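Enquirer: Below, each chain spelled out in residue letters.
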Amino acid sequence: MRATRGRARLTAALSTLVGLVVAAAFLAPIAWTVLSSFRPAAEAAQPPLPPWPTRGFSLDAYRTLDGFSGGLWLHAADSGLVAGSTVVLSVVVSLFAGYGFSRYRFPLRNTCFVLVMTTMMVPFQSILVPLFILLTRMHLQNTLTGLTLVYVTLQLPFSIFMMRNAFDAVPREIEEAARIDGVRDLRLLVRVLLPLVMPGVATVAIFAFLNSWNEFLAALVFLSDESKFTLPVLMTAVRAGRFGSIDWGAVQAGVTVMMVPCLVVFLALQRFYIRGLTAGAVK
Amino acid sequence: MRAFETLLAAATALTALAMPAAAQTLTIWSRSGQGDTLEAVAKAYGESHADKVAVVTLPVDEFVQKYATAIAAGNAPDAVALDLIHTPTFAQAGQLEDLTAWAKGLPYFGALSPAHLSVGTYQGKVYGLPLTTETSVLAWNKDLFRKAGLDADKGPTTWAEWKADAARVTALGGDTHGFYFSGACGGCYIFTFTPLVWASGGQILVDDGAKATLDTPALKDGVDFYRSLVAGGMVPASSRTDTGSDFLSIVDGKIGLQSIGASQIGVLTIKYPDLHFGVTLIPGRDGGTSSFVGGNNIVVTKGAKSVKAVEAFMEYVYSPEGQRLMVRHGSLPARSDIAADVMKGQDPRYDVAVAAIAVGRTPYSPLFNDIINSPNGPWAQMMNAAIFGADPASAIRDGQTRMQDVIDAAK
Amino acid sequence: MSATSLPTAATAAAAKPKDRRRRKRRDLVGLLYVLPAMALVVVFFVVPIGMTAWMSLHNWPLLGVPRFIGLGNYVRMWSDAGFWSSLRFTLLYTAVATVAIFAVAFPLALFVERPRPLGALFRTVFFLPVVVGFATASLLWVWLLNTDSGLFAPAFQALGFTPQRVNILGDFGTAFPAIVAMVVWKVAGFTMILLMTGLQGIPGDVVEAARIDHAGPLQRFRFITLPLMRRTLGLALILCVTGSMLAFDQFYIMVAGGPRNQTVTAVYTIFNQSFVSFRLGYGSALSIALLAILLVLSVGQLWLLRDREDAR
Numbered sequence: 001m002r003a004t005r006g007r008a009r010l011t012a013a014l015s016t017l018v019g020l021v022v023a024a025a026f027l028a029p030i031a032w033t034v035l036s037s038f039r040p041a042a043e044a045a046q047p048p049l050p051p052w053p054t055r056g057f058s059l060d061a062y063r064t065l066d067g068f069s070g071g072l073w074l075h076a077a078d079s080g081l082v083a084g085s086t087v088v089l090s091v092v093v094s095l096f097a098g099y100g101f102s103r104y105r106f107p108l109r110n111t112c113f114v115l116v117m118t119t120m121m122v123p124f125q126s127i128l129v130p131l132f133i134l135l136t137r138m139h140l141q142n143t144l145t146g147l148t149l150v151y152v153t154l155q156l157p158f159s160i161f162m163m164r165n166a167f168d169a170v171p172r173e174i175e176e177a178a179r180i181d182g183v184r185d186l187r188l189l190v191r192v193l194l195p196l197v198m199p200g201v202a203t204v205a206i207f208a209f210l211n212s213w214n215e216f217l218a219a220l221v222f223l224s225d226e227s228k229f230t231l232p233v234l235m236t237a238v239r240a241g242r243f244g245s246i247d248w249g250a251v252q253a254g255v256t257v258m259m260v261p262c263l264v265v266f267l268a269l270q271r272f273y274i275r276g277l278t279a280g281a282v283k
Numbered sequence: 001m002r003a004f005e006t007l008l009a010a011a012t013a014l015t016a017l018a019m020p021a022a023a024q025t026l027t028i029w030s031r032s033g034q035g036d037t038l039e040a041v042a043k044a045y046g047e048s049h050a051d052k053v054a055v056v057t058l059p060v061d062e063f064v065q066k067y068a069t070a071i072a073a074g075n076a077p078d079a080v081a082l083d084l085i086h087t088p089t090f091a092q093a094g095q096l097e098d099l100t101a102w103a104k105g106l107p108y109f110g111a112l113s114p115a116h117l118s119v120g121t122y123q124g125k126v127y128g129l130p131l132t133t134e135t136s137v138l139a140w141n142k143d144l145f146r147k148a149g150l151d152a153d154k155g156p157t158t159w160a161e162w163k164a165d166a167a168r169v170t171a172l173g174g175d176t177h178g179f180y181f182s183g184a185c186g187g188c189y190i191f192t193f194t195p196l197v198w199a200s201g202g203q204i205l206v207d208d209g210a211k212a213t214l215d216t217p218a219l220k221d222g223v224d225f226y227r228s229l230v231a232g233g234m235v236p237a238s239s240r241t242d243t244g245s246d247f248l249s250i251v252d253g254k255i256g257l258q259s260i261g262a263s264q265i266g267v268l269t270i271k272y273p274d275l276h277f278g279v280t281l282i283p284g285r286d287g288g289t290s291s292f293v294g295g296n297n298i299v300v301t302k303g304a305k306s307v308k309a310v311e312a313f314m315e316y317v318y319s320p321e322g323q324r325l326m327v328r329h330g331s332l333p334a335r336s337d338i339a340a341d342v343m344k345g346q347d348p349r350y351d352v353a354v355a356a357i358a359v360g361r362t363p364y365s366p367l368f369n370d371i372i373n374s375p376n377g378p379w380a381q382m383m384n385a386a387i388f389g390a391d392p393a394s395a396i397r398d399g400q401t402r403m404q405d406v407i408d409a410a411k
Numbered sequence: 001m002s003a004t005s006l007p008t009a010a011t012a013a014a015a016k017p018k019d020r021r022r023r024k025r026r027d028l029v030g031l032l033y034v035l036p037a038m039a040l041v042v043v044f045f046v047v048p049i050g051m052t053a054w055m056s057l058h059n060w061p062l063l064g065v066p067r068f069i070g071l072g073n074y075v076r077m078w079s080d081a082g083f084w085s086s087l088r089f090t091l092l093y094t095a096v097a098t099v100a101i102f103a104v105a106f107p108l109a110l111f112v113e114r115p116r117p118l119g120a121l122f123r124t125v126f127f128l129p130v131v132v133g134f135a136t137a138s139l140l141w142v143w144l145l146n147t148d149s150g151l152f153a154p155a156f157q158a159l160g161f162t163p164q165r166v167n168i169l170g171d172f173g174t175a176f177p178a179i180v181a182m183v184v185w186k187v188a189g190f191t192m193i194l195l196m197t198g199l200q201g202i203p204g205d206v207v208e209a210a211r212i213d214h215a216g217p218l219q220r221f222r223f224i225t226l227p228l229m230r231r232t233l234g235l236a237l238i239l240c241v242t243g244s245m246l247a248f249d250q251f252y253i254m255v256a257g258g259p260r261n262q263t264v265t266a267v268y269t270i271f272n273q274s275f276v277s278f279r280l281g282y283g284s285a286l287s288i289a290l291l292a293i294l295l296v297l298s299v300g301q302l303w304l305l306r307d308r309e310d311a312r
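Chain order of the listed sequences is A, B and C.
Residue 83 in the working numbering sits at position 83 of the first sequence, and the numbers go up by one each step.
Residue 238 in the working numbering sits at position 238 of the second sequence, and the numbers go up by one each step.
Residue 158 in the working numbering sits at position 158 of the third sequence, and the numbers go up by one each step.
Honestly, the hints are just simulated from the structure, not real lab data.
No experiment lies behind these values; they were computed from the predicted model shown.
Where is the CB? At the ideal position from N, CA and C, for every residue including glycine.
Any given hint could turn out to be false.
[Said to hold, decoys possible] Cβ pair distances, simulated, as ranges:
id, chain 1, residue 1, chain 2, residue 2, range
1, C, A53, B, Y272, 32 to 42 Å
2, C, Y74, B, P217, 34 to 44 Å
3, C, P217, A, L74, 48 to 58 Å
4, A, A24, B, Q24, 53 to 63 Å
[Said to hold, decoys possible] Straight-line distance between alpha carbons at most 30 Å, and here's what the computed DSSO-like set of lysine-lysine pairs gives:
id, chain 1, residue 1, chain 2, residue 2
5, A, K228, B, K43
6, A, K228, B, K220
7, A, K228, B, K271
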């Protein structure tokens with residue numbers, strides 16, 4: 001009996017150890033980049049062995065990065081604005097749509113739903129040119145608004161799927177009870193149901209943030225004013241090299257700047273995120 | 001279809017209407033990696049004139065796409081500093097303003113860079129005029145040459161000398177290599193490798209770009225020369241995947257020889273003062289020299305409202321003051337009649353770069369982006385396969401077939 | 001948790017006529033709720049798709065006048081070696097990446113599914129790379145894989161594995177596994193979470209019963225775990241396959257389709273035709289073809305899934 005327990009404990013310890021090793025492997029690329037970004041300019045082109053600064057901590061890499069295009073803050077603000085608006089719009093639109101698809105039996109409901117879901121299977125690269133022409137016609141080309149609207153559309157299939165499932169999971173009795181109390185329509189949705197589908201909203205918001213913050217090709221094609229470039233577009237200039245060589249320090253700094261908000265948002269909200277995601281996956 | 005075109009036209013008209021009538025700020029698009037020449041002249045122009053010039057820099061790899069999509073969408077800028085080799089593409093597509101009357105009226109028209117005008121002229125009309133000028137030259141690291149026991153003040157004049165120098169520098173050991181080139185970069189090969197072919201009497205495109213002539217002894221010789229450098233371990237391993245982002249590897253002080261652009265002479269001297277380097281003309285196999293004359297043409301988008309403003313700006317650029325300013329910021333002079341004057345006091349290495357204009361060429365093709373510059377196009381693929389692959393002869397044959405296919409398909 | 005995911009007919013109970021009329025009016029309100037979403041999808045998705053289909057019937061240069069050529073582009077596609085080789089590579093990549101992702105994600109899911117010390121930490125860390133963008137991850141890894149300034153080549157040299165610094169991205173034989181490794185690092189956590197959810201959905205008593213019947217761990221996995229996870233596996237598979245079929249960022253940013261065009265994917269070909277060669281018509285035709293392939297794949301997978309569900 002004691003031997004069995006001892007062996008079980010050994011197995012548990014071993015598997016924790018294996019877990020730690022694998023976790024370290026998953027974490028390593030991120031840690032490596034963040035640490036390396038604080039090396040002084042003179043070390044930027046050296047292999048990151050070790051990754052941390054050996055000759056003192058330095059912000060050189062960030063200063064170099066700041067020297068590209070309109071500067072780091074401007075482009076971070078552009079990215080933040082686009083990501084923020086995408087989050088708000090995605091949540092509002094998919095909240096309504098999810099509610100509509102879950103609770104109403106209007107004509108063409110299934111067709112509409114399948115249509116939205118099909119969006120997921122279409123490489124948007126293939127409709128980039130028509131999109132560009134459309135945006136121009138609407139005077140939205142080269143605007144952050146136009147880019148945001150495209151991002152929201154790209155987010156819709158996942159968001160609506162998520163929100164519809166979230167509403168499906170809410171017992172109808174709650175609504176019936178609220179209706180009897182005279183709470184209807186928008187008020188019913190916002191006051192009564194919204195708190196119940198909050199995990200779904202959080203999932204939609206986080207996905208919208210991550211995807212719009214990280215998107216690169218549409219931003220590259222739709223924006224032509226340097227001052228409107230989002231961070232990934234700024235990074236193409238860094239990746240393409242300046243004065244005939246890549247500044248790897250600036251690449252590391254840029255990767256860090258683009259990663260950190262994603263990591264922070266995820267770590268802060270992961271409970272909602274994973275729960276929302278798994279709730280969607282089970283169905 | 002007709003409706004679609006009408007809508008497109010309407011969109012164009014609307015975009016034009018939306019623009020301020022008294023356009024006091026002229027926007028010029030320019031590609032990245034061009035130094036600050038244009039910005040400097042634009043700034044000086046703005047300080048001395050009522051009109052202002054704003055330079056918008058776009059990533060070089062996406063530049064042609066962006067300009068073309070902007071034209072298609074009807075919101076292209078009035079003026080563009082266009083990589084000169086792309087002028088035929090846009091001129092042939094009928095998207096550029098005919099500048100012939102104004103250009104030919106310039107008293108110094110005959111002195112403007114012939115390479116720029118050759119690609120800037122389509123069916124007898126002038127669509128592009130020289131803005132910045134650039135040539136390819138061969139640079140060597142004097143410190144490494146000295147260390148390797150070579151004459152630090154003499155660059156190679158034949159391929160045999162080139163290879164011997166590279167071998168001696170490589171023999172220094174460590175991370176030091178004799179030669180570097182961006183091995184996965186079509187635009188770099190055309191800039192630095194074709195001069196080898198030209199200097200040996202070869203051509204890669206003839207008949208205004210209608211016929212590819214890749215499968216020639218001159219090109220094969222050049223490929224074999226590069227292969228021998230790679231096989232001899234004289235080229236860093238990173239070369240074969242470099243899509244041009246590390247075009248100036250010589251700056252790290254561990255490269256013996258490298259072909260560079262004249263505009264980079266300024267970058268090297270200012271940003272890397274510790275790097276002591278010489279430049280010479282890119283030699284042919286047994287002597288002879290050549291160069292790629294590059295740079296930017298100024299072009300005006302068809303239907304632009306501010307043609308006059310562009311012309312006024314260009315007249316400033318061509319003035320002795322403007323030319324002097326351009327030269328100080330890394331461009332070569334566009335006007336040969338005042339070249340000697342505006343080059344006075346410049347780094348003597350620029351003299352080599354100016355001399356290169358006389359022996360240099362610029363290939364002509366309306367499909368330049370497609371067949372030469374694209375990282376996935378026939379030229380870049382062929383060069384990489386021929387130099388780094390197992391079977392150069394068949395790589396060149398394939399490249400010839402595929403390039404001709406693209407040219408024919410576009411007819 | 002048992003609600004259906006696929007739109008099924010409403011379980012309409014017999015209603016009185018007056019109720020039905022009110023019901024109908026109420027249902028129309030539903031249309032209002034989905035209207036903003038539908039408007040966005042129509043304007044930024046349906047219309048562009050329609051334009052793509054229309055353009056695919058034309059010789060449509062980006063600059064210049066489009067010319068109607070019927071099915072000319074589709075005929076040309078038939079003999080376009082570049083397109084077929086990119087399609088072959090895309091399928092190869094999809095197969096390899098999917099297998100690799102599942103090979104990593106399944107053990108991870110089994111690992112994090114059980115309560116254990118530091119379990120939450122493990123789950124978080126394995127998932128972390130998922131939130132990093134593909135472009136960001138590609139930039140990060142292109143640095144790590146760089147010959148002289150990266151991590152791997154100098155480290156391999158320092159450890160004596162290779163006599164010189166090797167250009168990992170210079171050869172298909174090393175570049176392809178390296179990129180797949182990057183993708184696995186970036187995506188495995190996502191698949192892991194999906195699979196973990198499926199694992200948690202398996203009733204404990206079923207597993208316990210099998211254990212009492214002396215079913216070994218492998219047998220339990222094969223005959224209990226897998227069948228009961230069919231739906232989750234299906235979802236994870238569809239997401240994995242679709243994502244891989246549309247791969248572009250990593251091949252564009254990390255190797256530019258190299259070495260020697262061996263990693264040009266289908267979307268990459270479309271991008272090149274449309275934005276490098278400016279053959280918008282032909283690019284559109286390729287898009288339509290890829291779309292058809294994806295639809296067939298997805299519908300096939302969905303159908304298989306639903307079929308089994310009914311059979312159960």
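Enquirer: Evaluate each hint against the coordinates.
Expert: Quick rundown of the hints versus the structure:
1. C:A53 to B:Y272: 32 to 42 Å: violated (54 Å)
2. C:Y74 to B:P217: 34 to 44 Å: holds (41 Å)
3. C:P217 to A:L74: 48 to 58 Å: holds (57 Å)
4. A:A24 to B:Q24: 53 to 63 Å: Cβ of A24 of chain A to Cβ of Q24 of chain B: about 59 Å, so the range 53 to 63 Å holds.
5. A:K228 to B:K43: holds (22 Å)
6. A:K228 to B:K220: violated (47 Å)
7. A:K228 to B:K271: The given pair, whose Cα atoms are some 29 Å apart, holds under the 30 Å limit.
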